[in-house]
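Asker: What follows is the residue order along each chain.
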Amino acid sequence: MNDPGGPIPLDQICRGAAWLSQRGDDSDVVVSTRVRLARNLAGLPFASKANPDQRRAVVDLVRQGLDRAELTAGRGVPARMAWAEINRLSTIDRTLLVERHLISKEHGKLPGDGSAGPRAVAISLPDEGLSIMVNEEDHLRIQVLGGGRALVQGWERIDTVDDQLEAALDYAYSSRFGYLTACPTNVGCAVRMSVMLHLPALRLTGELDKVKRAAKDMTLAVRGFYGEGSEAVGDLFQISNQTTLGKTEADILRELDKQILPEVIEYERASRRLLVERRRRVLEDHVFRALGTLRHARLLAPEEALSTLSMVRLGILTGLIRDLEEPLVTQLFVLTQPAHLQKLLGQELDQQQRREARADLLRQKLSGN
Amino acid sequence: MCDQCGTEATVHEVVIRGGKAVERHLCEACAKAQGLAPQAHLASGSIVTQAILAQATGGVAGGPDSARVAGASACPACGLTFGQFRSDGVLGCPACYEAFERPLSSLLERAHEGGTHHTGKVPRRLAGDRSRRAGGSAQAVALGIEELRRRVASIQKQLEDAVAAEQYERAVELRDELRRLGAGKEAGSAGEAGPLT
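Line order of the protein sequences matches chains A and B.
In case it helps, the working numbering puts the first sequence at residues 1 to 369.
In case it helps, the working numbering puts the second sequence at residues 370 to 566.
Since the hints were made in silico from the structure, they are not lab data.
Note that this is a predicted model, so its numbers are computed, not measured.
Heads up, some of the hints might be wrong.
Ranges between beta-carbon positions, derived for each pair [as the list claims (entries may be wrong)]:
1. A:Asp350 with B:Ser523: 55 to 61 Å
2. A:Thr91 with B:Ser523: 46 to 52 Å
3. B:Asp457 with A:Gly224: 20 to 26 Å
4. B:Gly483 with A:Val282: 42 to 48 Å
5. A:Arg322 with B:Ser456: 54 to 60 Å
Cβ atoms here follow ideal geometry from the backbone N, Cα and C, with glycine treated the same way.
All chains should be modelled from the sequences, with the hints used to inform the complete structure.
Answerer: This is the structure we're talking about:
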């Protein structure tokens, strides 16, 4: 691990993220998979009720635990973890981690009075597939990110990491309630399994509400690109389990992966086929207007960039656009976010400058062959 | 009249303790503060409750558990009150789960679609190393017995909670499961003796 509290190697972070650049199973619809565990240390108050000394103790215990835990990155290869204390990062760097889904929005926000400190994060490099938030709502929020539909692999990896961490840390656990969490809605398995779905055709055919209702009937949560409270921009939706008590991890995995996901994937694919076969002109109009905007616009707001990128992604996946690759477009969903643009240009940008930088980047990346 | 504050009582609870019916009458606010769901607890329900508990565990109806007061006032470890938890939705520390076990139970059941007990992963330090257990050694047998004991204790606890929540179908299922595990069979009536006895 690098120096605790030292600068996180953000240049390395921007080069990595295997989950963003590699195609996974069913990645035409499932952009990414995330499995998250909430864990707390025994004998200490939960993060929001802890005083600064207790919060410091949690950060130090986890940091020491990580050094002892010998985390592996698969096949016994040691994981290379970078460590950063969130309070010591600039606003842009914190936002960058949020945009890359390595920390939550809440973890990246710091109230001015410093009452939320200290907080930390450990990130596996260069793949960014594993991150561990310290002192979020729970002492540890461990997450594994993967490209495409990878719930089984995600669960296997996080289960191993959890065992390795547990060997070095004393978790709060009860035989009745399972893993004890600050919010009782997470108690039990304390696991959230989620998939990020790209559902442009279901939106265009007006069928999206049916999917949302079906998911909610199965007590699954439907959220936007950046989690709780975020808008469903770019036709990206997260579906995740909501209940964690009285079910095994295998039950939760099965419900999401075997019951709801195949149906949603097939529903979106059928809608794409319907658009291609019966409403081709309408589909072409949406797709090529979007491509025209991205290839020629000089100023682009984030919402317009994401909605046009969504149509271009749909155009590639339905075979209408043949000179662009899908993974590039998926990466651009993240690379056109505010902190990424500022990192790319190496300077702080105001809103107007970001719109310009966003349009420039998209023109350059999507100029085609 | 509410036993606590004197306003109109809307929640009525009758519990059989030591063979005597003990009544409590509370307004909705005081009932919530004491962790009672705002629904009537009828005398007949309590009697069924005690009967199922007694049948399953072979214990005496009206034992110490049934006399336990619903809802502790504050967590002994961190001082958080259940009212504070209600207002911001976050518990204070791991010990809050034990301190507020009763009032939390109904809340958890609603939040988790009927889930009341953890059935998932167990930390290795408690479960024993799976690979060692797979070896079939004397230690493995001992761990198996230990795990059975834990399972029985867990089901007994679930049964008590099901009964407290007046979920009789669930309680009967749990009682049957206890019998299958060889625990609590003495609790059944003589007429229900199994074919092998």
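Asker: If a hint holds in the structure, say so; if it doesn't, say that too.
Answerer: Consistency of the hints with the structure:
no.	hint	result
1	A:Asp350 with B:Ser523: 55 to 61 Å	holds, 59 Å
2	A:Thr91 with B:Ser523: 46 to 52 Å	holds, 48 Å
3	B:Asp457 with A:Gly224: 20 to 26 Å	holds, 24 Å
4	B:Gly483 with A:Val282: 42 to 48 Å	holds, 45 Å
5	A:Arg322 with B:Ser456: 54 to 60 Å	holds, 58 Å
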